[in-house]
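Novice: So the sequence lines, in the order shown, correspond to chains A and B. For what it's worth, the numbering used here labels the leading residue of the first sequence as -3, then goes sequentially. For what it's worth, the numbering used here labels the leading residue of the second sequence as 379, then goes sequentially.
One thing to keep in mind: the hints can contain errors.
[Said to hold, decoys possible] Below, computed lysine-lysine pairings styled on BS3-like, alpha-carbon distance capped at 27 Å:
| id | chain 1 | residue 1 | chain 2 | residue 2 |
| --- | --- | --- | --- | --- |
| 1 | B | Lys598 | B | Lys428 |
| 2 | B | Lys533 | B | Lys584 |
| 3 | B | Lys628 | B | Lys598 |
| 4 | A | Lys281 | B | Lys716 |
| 5 | B | Lys760 | A | Lys99 |
| 6 | B | Lys650 | B | Lys436 |
Simulated from the structure, these hints should not be mistaken for laboratory data.
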Amino acid sequence: MRWQNFFGMGRRLRELGILGMNQRNADFILLYNPRKNFPLVDDKRRTKELALAAGIAVPELYAVIEIEHQVDTLPDLLAPYDEFVIKPAHGSGGEGILVVIGKLNGRYRRSSGLLAGEDDLQYHISNILSGMFSLGGLPDCALVEYRVDFDPVFDKVSYQGVPDIRTIVFRGVPVLAMLRLPTRLSDGKANLHQGAVGVGIELATGVTSSGVWHDDTVELHPDTGGAIAGLEIPHWDQILALTARCYDLAGLGYIGVDIVLDRVRGPLMLEINARPGLSIQLANKQGLLPRLRRLEAINSIPTLIEERIALAKSLA
Amino acid sequence: MRNLHVKVLAFVLVAIGLSLCYYKVTRLGLPLFPTEQADVWTVEARIEFKPKRDTPIKARLFIPRDPAGYTVVDENFVSSNYGLTTEDDGVSRSAQWAVRKATGYQVLYYRLHLARNPSTAQAEKPIPPPNLSTPEYPELLRSEVKAVIDEARSKSADTLSFCRALLLRLNAPTPDANVSILQQDTQTQEEWVARIVDILAGADIKARMIQILHLVDGAKHASLIPWIEVYANNEWQPINPQTAEPGIPKDTIIWHVGKDMVLDINGGRFPKVEYSVTRHAQEMTLIAEQRARQMGSKIMEFSLFSLPVQTQNVYRVLLLTPVGAFLIVFMRNVVGFKTFGTFMPILIALAFRETKLIWGIVLFSLVVGLGLAIRFYLEYLKLLLVPRLASVLTIVILLMAVVSLLTHKLGIDRGVSVALFPMVILTMTVERMSLVWEEAGPLEALQQGFGSLLVAALAFAIMSDGVLRHMVFVFPELLLIVLAANLLLGRYTGYRLTELWRFRSALRQE
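Let the hints inform the model, and build the full structure from the sequences given.
Specialist: What follows is the structure, given as structure tokens:
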């Protein structure tokens, strides 16, 4: 890579319609995401409440731990549940999420297979409360919620953790979607920069194309060896509708919606991200910019969800 | 539209910044670069006399009035218990000292600081002299004057050549009879020049005597030299009364215009005035600053130079931080560098100013490295966030003290300056680094650590640049340009350099 090539490379990225970090912030987040609505999505507890009120399916909330004192009552709180997830209400980038998949002699089995004691969990929650995972280190609260029993459709292509579907929704219209598959490297997390595999999804059909893993195109899951491309995502229209409705929920024009597929409950909305990452473009081999600009040119976006879905499918 | 707004705003800011700067450079003579020095002449007139008993004393000294080719940087009068007034009648300027009673030898000083300034060589339009009436010469001289005038007139074409011819005639090495008579009873050079002016007046030529002072470094008991100025072609033209050469010599100032005595003392005897001259180089900035104050410039009233020196030094550093901040903006938004904390590298760079770069980096790495090791141990204790942060802070400060002590004992003075590091920043760096280490692995943590250090070193290099330091302090309005650049980068939507790398797979597939 030579210095004189930089301008040429920038121009080619522009031609491909790749959205850069600066442009994402200046032209979309600053323009379409009003600051006052950020707390709605930054606080997962509020998002969950809003979603429930709007009839959007979310993982059930078991308990909220707000103050240090409640940490002592943890065994009682957790007694009824064998499986659960502990996460910070203000977490970002999948940090601070602890998944328990079973109990064994009073100890908790984490998704990684390791056993954790009561005090490990308590320490983790204390860290969450003191704001270790929250933006700006502000005091936080910890949520205990339903562990998604994910749909077996992804069994062959995920290694522990929960595969989820990230969709960029602009002005209420889904623009680009990808499937994020945890790997051994990502430690069950579904974030691409932590080593998860990103797989592009065709918006119109819900069928996966090839994926990227650490900037490289992959056809097979690096841990399980399952084929990544050509997977048909179930309930695709339902997923699209769910993401589109999240726009009305948060009042934010440019969001990333994370959805998981539960075996029984179908698509569940996990969280809304007001500053969604850009890797989705690599997974789809498709720049965001042309689609965003086309939607920007439309004066009034239809209010009916079905019409928005149709619009989304016509973008591809 | 928003972009246009930002661009217009940035343009206005740049325009204001540049025009203020331009004004200060061209009109006030503030130098753009710090190394420029200029000669400053200090001229001192020392007046000495013996007062008469029980008489009020009045001393009048003619002093220069905006000497051509120089600017007055400063002037002061040393006159213990005398009352002082200055007068300016448009042609000459004088200082008047007065006191009711004085005993013993009296010494008064007038001190003048001059800087060469070629732009003032062109004096303002001279006031045309009043028409003279032909002076009455003594009976004895009348015919001689007429003879020399007639002779000079026959050998000349205009006023100046006439003067020259006359002067050459009067100063001929072997004076003829006429000239000898004219030279009679002119003991001093001054009287002789006055006589010449008189003779010129007889030929209807407006001439006057001036007193000039030759600026020679180290001159001790110098005196003024009488000179002649002739009004021709609507301006006063100086001429050497001895050689008839036009102009005044180099490094000379006109001290006084007119035939009055330069020093006039009422109530004193044995008056004496002596001039001494010294030359020394001074920084242009100071000269310009003093000069601007002399000129009563409003802008310089609000210059940072009017602050106490200590506060000035604070601002010398503070004004550099926006430049460092701009570097961070550039490194993060255009290059795409990751650093710990947005402005942490600037604060580290400020500390580097004291510790110097190499030692700064060594000490920083040492403290952060040790802090990190201890932080990992604390991780094992499972402490809550704020107590843990406080512990890390305490440990960082103790580490700094230990490093200072050890290096001091070892005789490495630089090491002592570790105390200048912002400890809270160090603490947060240790904490953030350990979190990144845990979450994203040692590689990422070290990368960000080195990134921060690199940006800090760059910021240090920029902030310790002498020219820049001088510029932001003397021309703080230049920071408006930095502000404009920040505004423009605030709407920069192009790719970051690192994104070209990040999205390279998108490029490859084509």
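Novice: For every hint, state whether the structure bears it out.
Specialist: Results for each hint:
Among the hinted pairs, B/Lys598 with B/Lys428 is consistent with the structure: their alpha-carbon atoms are about 21 Å apart, no more than 27 Å. A distance of roughly 19 Å separates the Cα atoms of B/Lys533 and B/Lys584; the hinted pair therefore holds under the 27 Å criterion. A C-alpha spacing of about 19 Å is found between B/Lys628 and B/Lys598, which places the hinted pair at or below 27 Å, so the restraint holds. Note on A/Lys281 and B/Lys716: the hinted pairing holds, with a Cα-Cα distance of about 26 Å set against a maximum of 27 Å.
The suggested pairing of B/Lys760 with A/Lys99 holds, with an alpha-carbon distance near 23 Å, which does not exceed 27 Å. For the suggested pair B/Lys650 and B/Lys436, the alpha carbons sit about 14 Å apart, so the restraint of at most 27 Å is met.
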